Structure formats: structure tokens, C-alpha cells
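Engineer: As you go down the protein sequences, you meet chains A and B in turn.
Quick note: the first sequence, position 95, residue 95 per the numbering used here, numbers continuous.
Quick note: the second sequence, position 186, residue 186 per the numbering used here, numbers continuous.
Hints in this document: simulated from the structure, not taken from any laboratory.
One or more hints might be untrue.
To be verified - Estimated spans, in silico, between C-beta atoms of each pair:
no.: 1; chain 1: B; residue 1: Q625; chain 2: A; residue 2: R87; range: 26 to 34 Å
no.: 2; chain 1: A; residue 1: L98; chain 2: B; residue 2: R656; range: 32 to 40 Å
no.: 3; chain 1: B; residue 1: G624; chain 2: A; residue 2: R51; range: 49 to 57 Å
no.: 4; chain 1: B; residue 1: R656; chain 2: A; residue 2: I9; range: 20 to 28 Å
no.: 5; chain 1: B; residue 1: D614; chain 2: A; residue 2: D93; range: 38 to 46 Å
no.: 6; chain 1: A; residue 1: V65; chain 2: B; residue 2: R656; range: 51 to 59 Å
no.: 7; chain 1: A; residue 1: G76; chain 2: B; residue 2: R607; range: 51 to 59 Å
Being a predicted model, the structure only gives us computed values, none of them experimental.
We treat Cβ as the ideally placed atom computed from N, Cα and C, and that holds for glycine.
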Amino acid sequence: MLTVTHYTILSALLFAIGALTVLIRRNPLIMFMGIELMLNAVNLAFVAFSRFLNDMSGQVFVFIVLTVAAAEVAVGLALVVAIFRARENVDVDEIDLLKG
Amino acid sequence: MLWLIPALPLLGAVVNGLVGSRLPRALSSWLAVAFLGAAFGVSVSAVSNLIALPAEERVIHETLYQWIGVGDFSVNVAFWFDPLSAIMILVITGIGTLITMYAVGYMEHEHDYARFFTAMNLFAFAMLMLVLADNYLLMFLGWEGVGVCSYLLIGFWFNRDNLAVGTDEKFLSPRSSATKAFVVNRIGDFGFMLGIILMFWTFGSLAFEEVFHDAEAMFQIGAPVITIMTLLLFLGATGKSAQIPLYVWLPDAMAGPTPVSALIHAATMVTAGVYMVARSHVLYELAPITLSVVAIIGVLTAFVAATIALAQNDLKRVLAYSTVSQLGYMFFALGVGAFGAGIFHLMTHAFFKALLFLSAGAVMHAMNDMIDMRRLGGLRKIMPITFATFLIGALALSGFPLFSGFFSKDEILAEGYSRGAIVLWVVGVLVALMTAIYSFRAVILTFGGKPRWKEGEVVGAHDKDAHDEHGAHGLHPHEASPVMWVPLVVLAVGALFGGFVGLPHILGPNYFAQFLEPVFGGHELEISATLEWTLIATSTIAALIGIFIALRFYAGDTKIPAQLARDYPSLYNLLANKYWVDQIYDYTLARPGRWLANAFWLDVDGRVINGFADGLGHAFRNIGQRVRSLQGGYARGYALAMLIGIVVVIAVVVARL
Chain A
1 MLTVTHYTIL SALLFAIGAL TVLIRRNPLI MFMGIELMLN AVNLAFVAFS RFLNDMSGQV
61 FVFIVLTVAA AEVAVGLALV VAIFRARENV DVDEIDLLKG
Chain B
1 MLWLIPALPL LGAVVNGLVG SRLPRALSSW LAVAFLGAAF GVSVSAVSNL IALPAEERVI
61 HETLYQWIGV GDFSVNVAFW FDPLSAIMIL VITGIGTLIT MYAVGYMEHE HDYARFFTAM
121 NLFAFAMLML VLADNYLLMF LGWEGVGVCS YLLIGFWFNR DNLAVGTDEK FLSPRSSATK
181 AFVVNRIGDF GFMLGIILMF WTFGSLAFEE VFHDAEAMFQ IGAPVITIMT LLLFLGATGK
241 SAQIPLYVWL PDAMAGPTPV SALIHAATMV TAGVYMVARS HVLYELAPIT LSVVAIIGVL
301 TAFVAATIAL AQNDLKRVLA YSTVSQLGYM FFALGVGAFG AGIFHLMTHA FFKALLFLSA
361 GAVMHAMNDM IDMRRLGGLR KIMPITFATF LIGALALSGF PLFSGFFSKD EILAEGYSRG
421 AIVLWVVGVL VALMTAIYSF RAVILTFGGK PRWKEGEVVG AHDKDAHDEH GAHGLHPHEA
481 SPVMWVPLVV LAVGALFGGF VGLPHILGPN YFAQFLEPVF GGHELEISAT LEWTLIATST
541 IAALIGIFIA LRFYAGDTKI PAQLARDYPS LYNLLANKYW VDQIYDYTLA RPGRWLANAF
601 WLDVDGRVIN GFADGLGHAF RNIGQRVRSL QGGYARGYAL AMLIGIVVVI AVVVARL
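Please model the complete structure; the sequences and the hints are all you need to start from.
Structural biologist: Here's what the structure looks like:
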């Protein structure tokens, strides 16, 4: 029997993997995947708690998160394309024009 | 209708100030004369209205509008017209008109005529406000106004460095003289202002009527607050009326055009202090200590200035020190409580000193601005009218019997003697003697003897902006033009007969004192006829001895003065250098003042305040420099910081639950 605890642990693991991906990788596309992973980990937690608490509002949040994620990816990919056009390179560590 | 009297010269100043420089010279100049002359006409009709009233009711009060109103306190733009202001406005507008008319001729070669006549009319406006005001604040407005006009007119030739032509003496430039006059006057004005503030504090009002009424009702004679108040007001008077210790600006004020010296620095503005003390006589009578101070300062100033005048070579400066000295007489009269006598001398002095200055101006005009008496001489044949008017002025100044100065000076000395100021009286007689000496020294050196100049001689190159085109040409002295000598003759008539309105009572009625009785209260001299004759004889003899000495020294055996100067070199140097007062003030006040100003500028402002502002900027820059390495442009580092931060926040929130 899968309890809400299992879902929560899975969600936490997915979130941690996503966060690590963002922190470790230098390719912005991979970093976006990490961000997507984190968002979906949260979605999983929302759905699990929604079912556990018998409250539909958790599932509504999931749709909002999905919408925001889609928009975010659209903007993010556009940025990546623009940067690539300007610099022929998308290594995040080398994008440091705002260095103090 | 009273408001018309100051309004007319103000209108003249506005017209000349705005469009004067576009008008033809003659129109601009005569406009100034016309506006002041019209004010004189209105003044005469106002005074005749005043005389038509019964003696006790001779006060006309006219309120124009409320100037300041704060709660119970209110100051109005209002006029107070009584016999004292009547005499003052007649002197200001009457003599002012004559002098302005003279200036039309005197300034005929000046490019900047509109500026000159604007300031002259503006001065008349301010002076009339001063004497017509019904409260101390409005009086202060006029007081400051005449100060500004004095500054503007002393510095009229602001682009010239030295006006004295053909002399080896070093005088201040007009602009420095103007600054000096202004700064010295500020010291006095500060005292005046403190006095006004103390008055407001004590009485809650500044209107003459209320202040005088309350002062008599609230205070005994000798009340300390009244003593302090009157001393502060008197400090203002010493500034404006050139008394010790603030007289030093007046001799340097001679750097202005001569009509200015005559109008502002002899006849009217410098008498503002005398007027103010006389106007406040109710307060001064409550403060016997102040009255003694006034009398002593007056006599001391009269003495010091007269001794300096003996050793000056610049004709206008002799007259300037003489003015200081005569103002000292007026304060002596005020100090012994003879307010009417002081005002009487103010009036006669206005006539004969304006006359002397204007005659000296005619000499300057004829001699290409050369005014050093050692280089004049022999002008009596070339300028007979000027000689006659100067002589009349000098006789009046010396107190020669039956001339105007004789009656007024004699009244002051008699009042001083009868009120027990014997020592001061003795000094006063001595001053009368010296007055006669320096007046006739000036007459003889300027007009008598043989010329010490040559026809066609070139004296002193003029500055680029010379005010007369013939300045660079040789000397061709000539009699003054009619526009200049007509005012001289009118003033000479005043200087001759002006004294007869105030005869000593052994000779006849003193109309002048009777006219002023409603203001100052009547009193009789408490001395016998014999004593009065003796006093008159004493001052007459002093004047005659003085004239005799001058004739002997400067017309007879001309070696005597030089011999005296050689025999008593220290005394001569002391007088010729004006007791070194300018130097003493320079070293004790002006230099420390400048040092202090520099210290505040360079150290306090430059280092402390600037340092604080700059230091603040530097501090933030340094902090920024240190923390800039936190933003290395390493995006994943930011992400880690964000993550850690969020974890910490969540940890704290969870721990609190």
C-alpha cells in the first residue's frame, strides 16, 4: 500500500535531484530540465496531499504551476537562443557581465 | 496726502531707474529735480496745514495700511507728522532739491547719469520714510534704505581706483570706501535692531505713541531696561551719524560725487541718528546715564574730529571731519537734554555744510577734480561767486556773529553750560576755536594767496572712464555754470539768515524752539542775562581768535604752520594720521575679522563640513569595494546562495512550529 509518506519522499528526492542539477550543470538547457524537475516534484506533492486531504484545491494549483512552467520555459528558451546568437556559447559560468 | 511726500521721489526713482538711461540726459536729470521739487511743494503745504492747527494739536497721523499683523502685534505703514518731522522733511526735500539741481550741472559729463539720479531720488524716498514713520520698524526700513543708497552713491565710480587727483596721499578706492561705510554702519544697525527687539519685548509694540506712553507709565527714571534700550539705539546713531567709535566711514565716504557728500554725508543722512535720538527723547529722558554717555561721546567726537580737520590737506576731508565734529555738537545738545537746540543746529548745519560741500564741488569741477589744498590757491578772482558762498559757509560754520551757525552753536553751548556740563562746555568752546581755524585755513588755502597751479597744467591722468572729457586737458579754471551757482546762492541765503528763526531769548523770540515745543516740551534757560551775554561773548571771541589765527598762519606768516609741524612732530603726525584710528581698527578688528572669516571658510567649511560630506561618499565607496567580490557573476553561486537561504528560512519556520 502506497501512503502519502512514500509520495512525499519521492517528491523530496525529485526536488533534490532537480536542485542539484541546477547547481551543478553549466548547460542552461540541462538547468531548465532541473527546474522542470523541481516544479514537477512540487506538483507531485500537491496531488498527493490533495488526495490525502480530500481537497481539490491542491490539484488546481498543479494546473497553475504547469501554466507558469510553460511560460517560463518559453521565456527561458528565448533567452538561451538570444544569448547563443550573441556569443556562440551558452556556458552559464561565462555569462558574467553583471560581475561586481 | 502725507504719503505723496515720499511717494514722489520714489516714483522719480522708478521712472529714472527703468527708462532713465534711454531718456536724454537733460530730461532724466531734470525729472529727478522735478519729483523732489514737487515733494518739497507738498511738504510746504503740509507744514502750513500743520502750523494752521493750534500748537497742542500739531500732530497729524495718517495710516496707509497694515504692514505686519501677528496676533495683538501690529505694525502699520503709517506717518507721524509733527513739528519735528516737519523740520526734517523741509530740510530733506528743500536742500535735497537744490543739491539735485546742482548735480545736474556737476554730473553733466557723466555717462551714467540715470543711475546717479535714480539713487539720489531713492535716497530721498528712504530718508523721508525714516523721518515720517510712526513706528520704529518703519523708521528702520528708511534707516536701512538710506544706508543702501549711501553705499550705492559712495561707490558710484566703482571702476576708478583713486579719485584724488594731483596728490601724493593714498585714499581708499570708491568701492572700498562704499564697503567700509556699509560694514561700519552694519555694526550700528545691529545695535539699533537689538534696541528695537528689546523695545518689542518690553512694550509689545513699536509705535511711537504706545511706546512713549507705556514707557512713562511703566518705568521710573533710571530704569535699567530703558537705559540698555537707549544705549543700543544710540549705538545705531553712532553708526549712521558718524560718532566715536564708528565715525571712521564718513571721511572715506568722500570718494562719492560731491553732491552726494553734500546731501547724504553732510545735510541729511548723517543727521538720522540725531533725529532718532530726538524722536525718542521720552525714552532718553528716562535714562540719565545714557544721556551722559550721549553728551560725552558727542563732545569727544567734536574735539577729536576738529583736531584731525586741522591737519588734513584734502578739502573735502576737512569738511568731512568738520561734519563729524558738528554732529558731535548736536549729540552734546541732545545729551544735556536740549533736544530743540540739537535740531536747530541740525537745520543750520544742513544749510551751511551743504553750501560748503557744493562750493568745494564747484572748485573740484573747475580744477579737474584736484582737491588737494596745497595745490589750489588764488581762486577768489576766477570764481568770485563760489568764493563768496564758500566764505559765507565758513563764517556760518565758525560761528561768526549773526550767521546761522552762530545762533545754533551758541544755543548748544549756553544750554550745556546752564545744565551744569561745565567741562564739556569748555571743550565745546575749544572746538569752536578749532572750527574757526580749520574753516578759514580751508578758505585761505583754496581761494586766497597766489595760485599754486599753472594755467594749462595737466593734473593727474584720469582713468579710462573719466567722468569729464576735459579731464586729460590742462587746467582752465572757470566760474561754475548757473545751474550750479544758483543753488549755491540760495543755500548761502539760508546759511546767512537761517539762524534768525532761533534767536537767543535776550535778543528776541526763538520761533524755532516755540515751534518744537509741542514735541519736546517748553523750558527756559535758567541763567541770568549777564551770564548769557558772557557765554555769547565767549563763543564769539573763540570764533574770532580762531579766524585770526588762521589768517596769521596761512595768509600772514606762512612759515608758522610748517615750523609748528617741525617743532611738534609727534603731535603733527598723530593728527595728520587721524590718531591712527584706521590702523588700530585694521589691526584689532578688520584683520582678526578677516582671519576669522578665512578660518571659517577654509577650516570649518572647507575641512569640517566638506570633509564630512566627502567622507560619507568615500566610506560608501570603500564598503562597496570590499563587498563587490560577493557578486562574481557566477550564476550558479547565486542559485546556491538562494537555496541555502530558503533552507535556512524554512528551517527557522519549522523549528518555530
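Engineer: Each hint: holds or not?
Structural biologist: Evaluated hints:
| no. | hint | in the structure |
| --- | --- | --- |
| 1 | B:Q625 x A:R87: 26 to 34 Å | holds, 29 Å |
| 2 | A:L98 x B:R656: 32 to 40 Å | holds, 35 Å |
| 3 | B:G624 x A:R51: 49 to 57 Å | holds, 52 Å |
| 4 | B:R656 x A:I9: 20 to 28 Å | holds, 24 Å |
| 5 | B:D614 x A:D93: 38 to 46 Å | holds, 39 Å |
| 6 | A:V65 x B:R656: 51 to 59 Å | violated, 27 Å |
| 7 | A:G76 x B:R607: 51 to 59 Å | holds, 55 Å |
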